[in-house]
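Participant: Kindly produce the complete structure, drawing on both the sequences and the hints.
Residue numbers (our numbering), protein chains in the order written: chain A, 9 to 122; chain B, 9 to 122; chain C, 9 to 122.
Worth flagging that the hints you see were computed from the coordinates, not collected in a lab. There's no promise every hint is true.
Which bits of chain A does chain B cover? Going by a derived footprint, with three or more residues having C-beta under 8 Å, they are [as the list claims (entries may be wrong)]:
hint, region
1, 12 to 26
2, 31 to 39
3, 100 to 108
From the three backbone atoms N, C-alpha and C, an ideal C-beta is built for every residue, glycine too.
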Amino acid sequence: MKKLKAIFHVNETENWKKTLINVTNFVNDVGEGNAEVEILANGAAVLFYTGEEEDRYEQMKRLAGRGVQFLACRNALKMHSLGEESLYPFVRTVPAGITEIVRRQGEGFAYIKP
Amino acid sequence: MKKLKAIFHVNETENWKKTLINVTNFVNDVGEGNAEVEILANGAAVLFYTGEEEDRYEQMKRLAGRGVQFLACRNALKMHSLGEESLYPFVRTVPAGITEIVRRQGEGFAYIKP
Amino acid sequence: MKKLKAIFHVNETENWKKTLINVTNFVNDVGEGNAEVEILANGAAVLFYTGEEEDRYEQMKRLAGRGVQFLACRNALKMHSLGEESLYPFVRTVPAGITEIVRRQGEGFAYIKP
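Facilitator: Here is the structure:
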């Protein structure tokens with residue numbers, strides 16, 4: 009089976025909850041070996057890649073362990089004065105979040121805005 | 009003319025109004041024989057596939073009569089304790105809404121989040 | 009290098025700020041000669057294509073000068089009783105915003121909903 013590829017776009021902190029539920033349901037539905045999933049956070053959404061909120065951290069870490077890629081936009085980090093070293097260890101930074109979204113769609117990733 | 013294919017994603021009840029206006033304008037513009045349209049509801053948006061709100065029901069039914077497919081995510085129905093038998097008769101349930109969106113984009117459907 | 013093509017969809021006035029930041033970052037990142045960018049406003053978002061708000065106007069004009077296309081949905085203009093002659097001079101009107109989005113995605117434009 010060809011892998012299903014999808015990039016999820018989160019740009020507000022209040023959309024994280026929906027996003028994590030959507031991604032979990034998707035990976036459960038198709039099986040983690042059959043999906044290639046990225047979550048791209050820009051805007052204020054990068055604020056949820058840091059901090060002590062245990063539940064969210066655990067939920068993200070579990071998904072990262074199942075192969076989901078968590079990405080942060082460097083422009084957004086600068087705008088919110090967040091250093092890369094303060095992010096959860098499974099988060100990777102990209103120079104410009106929108107460029108990542110545009111390139112991925114060009115490579116056949118579906119776009120989803122939860 | 010090749011059919012224009014589009015999937016509309018609704019995940020909050022307050023986005024239904026915009027969605028139904030967008031879909032109506034689109035079908036009016038291209039002609040119902042030239043479009044293949046799905047509306048996929050997940051999250052709390054599935055709550056608007058049931059109930060007594062006459063105007064909304066009539067507007068949806070009219071679009072269904074013009075070929076628009078109304079879909080509900082089964083995960084969302086469970087989460088909101090909604091039985092399939094309580095949904096409007098023109099609504100079809102899919103096992104996982106996000107999978108439907110990803111597959112459809114892979115088949116050339118445009119994605120729109122009103 | 010092949011041009012990166014993207015269409016940004018704005019349907020609420022409160023999403024304009026994010027959209028203009030996203031587009032600016034994107035054009036800065038890839039270089040204006042390497043990108044083909046459209047911003048399609050429908051719904052209430054068309055209200056920000058008019059009026060005296062200097063900062064927004066200047067920011068849009070600057071992007072227009074760098075090749076970004078600003079589009080307005082004619083259905084939305086009618087709904088908000090806005091004449092085309094009242095819009096900023098760099099704004100182009102399309103008959104139906106959703107049709108533009110669907111066609112562009114069919115031509116390889118990535119879709120982004122800021």
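Participant: A separate judgement is required for each hint: does it hold in the structure or not?
Facilitator: How the hints compare with the structure:
{"no.": "1", "hint": "12 to 26", "result": "holds (count 4)"}
{"no.": "2", "hint": "31 to 39", "result": "holds (count 6)"}
{"no.": "3", "hint": "100 to 108", "result": "violated (count 0)"}
In summary, the structure is inconsistent with hint 3 from the numbered list given earlier, while agreeing with all the others.
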